[in-house]
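Go ahead and model the full structure; you've got the sequences and the hints to work with.
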Amino acid sequence: MKISKQILLLLFSIIFVAAADCKPKLYFAIGQLGKVDVYEVGEWNKPIETLTLEVVVDGEQKKSQVNSVLFSPGGNYLACVFGSNKKIRIYNCQDWTVAREKQYDKKITSISFSPKDKFFAISFEGRVPLVLDTKDDGKSFFSETIGEARWKKLGFTKSGYLVGLSKSEGDNDSIGSWKIEGKKLTGETTLTLGTEATEIALSPKSDKIIVLAKETEEISKSAEEYPKKKKKSKDSKPETYLKKFDVKKLFKEKERVIQETTTPIEFSSGGKYLAFGTTQLDNYFIILSNKFEYLKYLTTEKSPKRFAFSFDDGYLAALDNSGNVRIYKKAINENNWEDLKTLDDLLAPSSIAFSPKIKVGSIKQKEKKKSDIKIQKRKGGLLSSDPEDFFEGL
76 MKISKQILLL LFSIIFVAAA DCKPKLYFAI GQLGKVDVYE VGEWNKPIET
126 LTLEVVVDGE QKKSQVNSVL FSPGGNYLAC VFGSNKKIRI YNCQDWTVAR
176 EKQYDKKITS ISFSPKDKFF AISFEGRVPL VLDTKDDGKS FFSETIGEAR
226 WKKLGFTKSG YLVGLSKSEG DNDSIGSWKI EGKKLTGETT LTLGTEATEI
276 ALSPKSDKII VLAKETEEIS KSAEEYPKKK KKSKDSKPET YLKKFDVKKL
326 FKEKERVIQE TTTPIEFSSG GKYLAFGTTQ LDNYFIILSN KFEYLKYLTT
376 EKSPKRFAFS FDDGYLAALD NSGNVRIYKK AINENNWEDL KTLDDLLAPS
426 SIAFSPKIKV GSIKQKEKKK SDIKIQKRKG GLLSSDPEDF FEGL
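Quick note: the sequence shown uses my numbering, first residue 76, plus one each step.
Among the hints, erroneous ones may be present.
Capping the alpha-carbon separation at 27 Å, the derived lysine-lysine pairs in DSS-like fashion look like this [as the list claims (entries may be wrong)]: (1) Lys242 - Lys327; (2) Lys432 - Lys377; (3) Lys377 - Lys121; (4) Lys191 - Lys161; (5) Lys181 - Lys121.
These aren't lab readings, by the way, just hints derived from the structure by calculation. Only a predicted model underlies this, so the values are computations on that prediction, with no experimental measurement involved.
What follows is the structure in structure tokens.
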């Protein structure tokens, strides 16, 4: 049987379009006043999608500051915290439709997705943390120990460990780790730091965490020197330590003295790098290797307040206090980071995040959508048709 030339050309064009449509995409989100702009990495001139986030005040729709944005490691969801840090909205990354939304009575301090997007953790001010099963009935579950502590930040690591930083009344903070088995948090390991911890940084592709802890006793200066432009401030704060832990047993692997309290701090997605700002250098920030070896210092317009690494550690974004977002790209030599683009036409930006590579419009995704229609007929799970079902009973 002979196939005409026109049919062959048609088939080729369909295959070509399908192949192009299935090419993985990398996204970058910026949370601002009343909206989240989503860019495709490499196409920085204009966002591909703008998501509007508003709250009702006295019967009127008002723009709300988006305090946090987070892509899930599996690339299925984008979570946003807004409404005075008390509201969560979760979008589907395939079509940017709303999957879930929930208002809480306490301020949210952190959100985190587990590997493969199975669980979603939320910590609050003055309320027990929640760990939700995104594919089941949406019920929360947590251990009694988690309920007793005041958790500033929760996050998941590569092997599915849930890690938290607990703030105490005195300078004796602690970190804890758990494994999720069925509907229980098991294998609890807790380590008291014996000092005040100002920040904890986690990497979704490793089982390591970085803790920024303030030391209460005098420590000899043994760190490598930072850039020569560094000047000692008259009102210097106490020295701090960067401490790296393995979450499986919470044993300390590495430690480094930092000359002053540093903020913010971000552990790269692949676990290769660490970025942090420093009050000594104002508009500078430092990039270290995961062995705490000095790699590079970079500048921003004003002091940085947020960092975000891409999931392959190839890009780094820095949001500074002037409201600009500067994008850097790693060169072949990891000591060099190219100043790629500055995004400055923004409306009070406050949060940034990179997505993993997402296959948009693939055949597998289309088949998944068909199965999702069946799932939506039942209550519960992140794919339920009722936005309240995912958070039912919380």
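Here is how each hint holds up against the structure:
1. The hinted pair formed by Lys242 and Lys327 meets the criterion: a straight-line CA distance of about 19 Å does not exceed 27 Å.
2. Note on Lys432 and Lys377: the hinted pairing is violated, with a Cα-Cα distance of about 31 Å set against a maximum of 27 Å.
3. For the proposed pair Lys377 and Lys121, the alpha carbon gap of about 24 Å is at most 27 Å, so the pair holds.
4. With a C-alpha separation of about 26 Å, the suggested pair Lys191 and Lys161 falls inside the 27 Å cut-off, and the hint holds.
5. A C-alpha spacing of about 35 Å is found between Lys181 and Lys121, which places the hinted pair above 27 Å, so the restraint is violated.
Checked against the numbered hints given earlier, the structure breaks hints 2 and 5 and satisfies all the rest.
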